[in-house]
Amino acid sequence: QSIACNQYFAANPQWVIGKLTLTENGYSKSTGCVFDGNFEEALAQKVSLLPEDIYTAIQNSEQPKELKPTLLGYNDQGRPGFRVINGQVYETTDGLEALQFIAPQKTLERIMGMCSIRDAARKIIRSQVETENEAILATYRLMLNIEYDNFVAQYGNISEKANRRAFKSDPDLPLLMSLERWDEETQSAEKADIFTQRTVGVFKRVDHCETSQDALLVSLSECGSIVENRIAELLGKPSCAAMKELEERGAVFLDPETDHWETKDSYLSGDVRKKLSAARVSGERYSRNAQALEAVIPDDLTPGEIGARIGSTWIPTGDYEAFLDETLECNGNAVTFNQAAGAWNIETHYSTKYSIPATQKFGTERVNAADLFDQALNQTVPTVYDPDKVNPDKRVVNQKETIAAREKQQLLKDTFQEWLWKDQERATRLARLYNDTFNCVVSRQYDGQHLVLPGFSRIYRLHDHQKNAIWRIVASQRNTLLAHVVGAGKTLTCICAGMELRRLGRASKPMYLVPNHMLHQFAAEFLRAYPGANILIASKDDLQGDKRRQLLSRIATGDWDGVLITHASFERIKMSDEFMEEYIQNEIDKIEDAMCTEKQDRGNRIIKELARAKKSWEAKLAKLSGANKKDDILSFEQLGIDWLFVDEAHTFKNMWRFTKMTRIAGLPNSNSERAFDMYVKTRHVMEKHNNESGVVFATGTPVSNSMAEMWVMQRYLQPKTMEAYQVGMFDTWAGNFGESVTALELAPDGRGYRMHTRFARFVNLPELMSMFGEVADIRTAEMLKLPVPAAHKETIAIKPTDDLKEFAQTLVERAEAIRNGNVSPSEDNMLAITNEGRKAALDMRLIDSFAEVEDGKVNHCAERVFGIWGETKLFRGTQVVFCDLSTPLENGRFSVYQALRSNLVERGIPIEEIAFIHDYESDSAKDDLFKAARDGRIRILLGSTQKMGVGTNIQTRLAALHHLDAPWRPSDVEQREGRIIRQGNLNENVRIYRYVTEGSFDAYIWQTLETKARFIAQVMQGDTGMRSAEDVELAALSYAEVKALASGNPLVLEKAGVDTELAKLSLLRSQWDQQQWRNKQELATLPGRIERVQARITGIESDMAARQDVSGGKFLMEVEGNRYTDRVEAGKAILQAVYGNKAKRDRNIGQIAGFPIVAKVTVLEGMVLVILGGIEYRCNHAESAQGFVRVLENTLNRMEMVLQEELEYLARTEKRMADIHAEAAKPFDKAARLEWLKQRQREIEAELDLNKGENTAVEETAEVV
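Residues in the sequence shown are numbered from 267 upward in steps of one, following my numbering.
Honestly, the hints are just simulated from the structure, not real lab data. Beta carbons are placed, not taken as given, at the ideal position from N, Cα and C, and that holds for glycine. Incorrect hints may appear among the rest.
Claimed, not checked - Label pairs and their calculated CB-CB ranges:
(1) E1254 to A369: 47 to 55 Å
(2) E1093 to R698: 56 to 64 Å
(3) E1172 to R1203: 17 to 25 Å
(4) E1254 to K806: 34 to 42 Å
(5) A1497 to A1477: 29 to 37 Å
(6) A1191 to I899: 29 to 37 Å
(7) G1453 to P504: 46 to 54 Å
(8) T1277 to I899: 49 to 57 Å
Claimed, not checked - Simulated pairs of lysine-lysine, DSSO-like, Cα-Cα distance not exceeding 30 Å:
(9) K880 to K926
(10) K889 to K733
(11) K881 to K919
(12) K986 to K881
(13) K434 to K775
(14) K889 to K874
(15) K775 to K954
(16) K919 to K627
(17) K986 to K856
(18) K1346 to K1496
(19) K688 to K1192
(20) K1504 to K627
(21) K1346 to K1481
(22) K880 to K840
(23) K874 to K619
(24) K856 to K806
(25) K775 to K919
(26) K285 to K372
(27) K1192 to K806
(28) K986 to K840
Sequences are here, hints too, so could you generate the full structure?
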């Protein structure tokens, strides 16, 4: 019989001690050796024959055993890492073969000591989940303390660099580091809780529950879903009885489409209109479902509440065609939409384009109305070019024609919006369509308070929002965006969710992506939370050279609870060439299919756009085909990763998008390879789950500057959902939820121009947020009320110097010259003016180094910094100063940083207590700086948003923050102030100062930042009352804005007040319009209702006259052709007739008092009795024979009461119709004020020159393109 062994020993049997044998257990066979002699002497004899200074490979005595679930502990046999065998250190990379580890003796001693600690810690970890015997655990804890104390006495704390460096190749280094609470400031450590107490409890399976609700919660906790048999077992009753009880309580619903049970929060959320339709057509069994769904259906939106515009994909093409037919006064216009390309196309008769309506009323001679409408559908604006007289190969913008064309396009847009809702039938139909398409989603409220989390450490206490988010990830069957504010515990949420997914068998091998500097910190927190977790850390070094192949093999072959990797390293793990070639070819195939469709519809322009997209993909494919193949390196899809948790996911925002819209403000203009790599990998992971599941993004700033960024997150996490709503392409998304403004701007090189698009307004926000809310778990600081210091914010107004006033006038002159085309863009432009204006507002010495600035921002800031420095001296309080515009310079030119430091030193602050972030380049240098700031050795820290934002944890003693200038984005303000308004700050109250120079750009920029931040916050917090919102953009200021700000024109302040009041009254007018719409709708139905109630009154009066007396001894009833004078017998006959109705349909069963008796079948009440006269008289339900007769007689006797009710209802209805007529005749009571405000706004804008808008942009850019 053959025996498997190493080939070397087969060829050199003299090196085998003993006899090779084949051993067998219940599962497999393995090779071993049998030796009866003195093994130590035999081994020493063999070793003495070996040459010196070589590694000795040994064979592991045991095959690796299968890893057990986390809650039961894990077996360390077969794990890679260090082993101590016979007093020597060995290292194994695969758990099967170990090599002696060669290192200096001191390093080997450190490793042996850490191995002893590791083994002792593992023993406790395993025992905690296996036994409740505290005596055993106490013994193991004593052993751990002894090993740890002996080690620390000789080699220092585990977290010290020398120890970490010695043990870094062992995957259990994070486990060892989790045994200490390391203080970076003092370079000292405290023992973790595992040294003194139980950190994980023994998982106890619940045996019995008293209530069905408790049993349901146990099932959800243990299994992550509704398991009928488990619930039945807990209640001790049949599963059908248990589920019926839960259903009757409204806790669960049986979905008629899937035939699966769902919890109440799950079933009564999502697309509830679709679910209601399914319940209604599925029969009486689901009547309870229908009733519950009807209660949660969103209220229908009226036409006045719906943002409908040209390019909205939910509007049928037939309505676009009808508008063109009516507007252009011709028939036969054809509008088509290509979903694959996200593009619209219009076909009109040749003569139509040259008609008067097309070229004069709604278009121009150069751009006809049909083309303008086509461009509006595709979210573009017209720009008219002429050949350059000097260079025929170039074109120049025709200012006059472009302005005219854009004005006509705006007229088309306004006319379309008015036309769409003008016709009552069309408005009703489209409102119904929009409500059914978009206003149909109810957000699910996840409640994770039932979670037990087996294996989770007792030292942690999860907040409610964390448990809810964990349950969301586990239960939703969707991707998740953890949009949680900084400090909300996203890291722990992700760890717990991943471990639950592993325990439930829904994840096989999760991968966690973290920022480069957070890898080991994340690993330590992972193991503190789940001490028994089996994790692998993939550091940057592990992907260097030959280590890369080894790391990828370990990931692929290991049964890891989590693979931890940095963003940069993740990008280095590539998808296979075969996968990428197939993916790219699929994209090309989709484009070719779309091109075929367009050829049939004669969409020539769209074909060109598709051809460009196809060419881009073909270039990627060619590049891939030309690359060197490396088949020996494992690819990402071969690693077995089936869940991705991505921390700081906004890092991957620069995603490719196919769009006809030019440069979109707030979104990156380039397609980063990092984002494309992430997109492809997330799609691969989602394909493993066959749905939108398997990816969790975590970020505190999913939207940092513009709501348009939301599309990026949706594209990553909701690709199929967006396609279903026909908003998968950016242009179609924008067409449904945004209103854009497009203008020309100077190209970066200053020699040409490009189109620049920004979203001026977002519409249909509740529907957008409902869609986004299916994946986004949004938790802001206002929602969570985190324990952070209270911030007192103060604006310090600074008077402008004479030099600044004079300089402001020069800016106006320069803006005038640019506006009039007197200078080329390469010489001067509005962006340059804006930047110089900001610098001047900061300090005039940045413009003119000889300028006199005695009482500027530097002096005011220094005064407050010095005062707070003195106030917090005993506490060693710290302060941070942000300034983006004037960083430290080595060339001798003026710098605000150096000026502020000099001022502070002159006041008496030691220079060694002041630091510039720019002087600390490396990560280690920054770490040292931040430590010094946290312990108060550095008390004044100056830096920019970029260098001192994310990852700057210096909050411990921060008492004040100073904004010397304003950043560009709201998220920058949040990042700045997030340094001080943060958990872990020892101060209960902190101060934040903004320094604003009057008559400069400062106040305007800060006001714009606040407006934008407020807008984003309102949307993200789900303000359902806000259906639309204006967006603002911070970029180069316009000529008018520069002029107004420089002159200190009071009209600027008046405009702010007018705009605010106008917005308020516009909202009131919108609400009035909606009410008028509802009144009009009701007035259309009221005459019919009055007519019907009058008919009912006539019927009742006739019935009263014809009613026969059957009271007392006059009783007579006919049932199934038989006449009865005895009430009991008649009742029995009725009972038999009702319950004997096997056909389950309406049936005439008898007669009483001259009226037929009908047994009617209803969905909700089952069989009911009806007396049929001029109207139907429904009888109350009865169970007995006598009861049936009684309810019939009572119904006959109630005719007078019914008549009175109908007469009262008629009176109320007639009065309501009169009241509504009166209300409909009343005008909007604030109409005059509203019109005055609109007129005043136009006057102010005209006087400030703000009314030119896009036209100015064209004038400024009438240059060569």
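Do the hints match the structure? See the list:
no.	hint	result
1	E1254 to A369: 47 to 55 Å	50 Å, holds
2	E1093 to R698: 56 to 64 Å	58 Å, holds
3	E1172 to R1203: 17 to 25 Å	21 Å, holds
4	E1254 to K806: 34 to 42 Å	40 Å, holds
5	A1497 to A1477: 29 to 37 Å	33 Å, holds
6	A1191 to I899: 29 to 37 Å	35 Å, holds
7	G1453 to P504: 46 to 54 Å	33 Å, violated
8	T1277 to I899: 49 to 57 Å	51 Å, holds
9	K880 to K926	15 Å, holds
10	K889 to K733	46 Å, violated
11	K881 to K919	24 Å, holds
12	K986 to K881	25 Å, holds
13	K434 to K775	23 Å, holds
14	K889 to K874	23 Å, holds
15	K775 to K954	12 Å, holds
16	K919 to K627	43 Å, violated
17	K986 to K856	15 Å, holds
18	K1346 to K1496	21 Å, holds
19	K688 to K1192	64 Å, violated
20	K1504 to K627	25 Å, holds
21	K1346 to K1481	16 Å, holds
22	K880 to K840	23 Å, holds
23	K874 to K619	22 Å, holds
24	K856 to K806	38 Å, violated
25	K775 to K919	25 Å, holds
26	K285 to K372	37 Å, violated
27	K1192 to K806	19 Å, holds
28	K986 to K840	24 Å, holds
Figure legend: structure checked against the earlier numbered hints; hints not met, in rising order: 7, 10, 16, 19, 24, 26.
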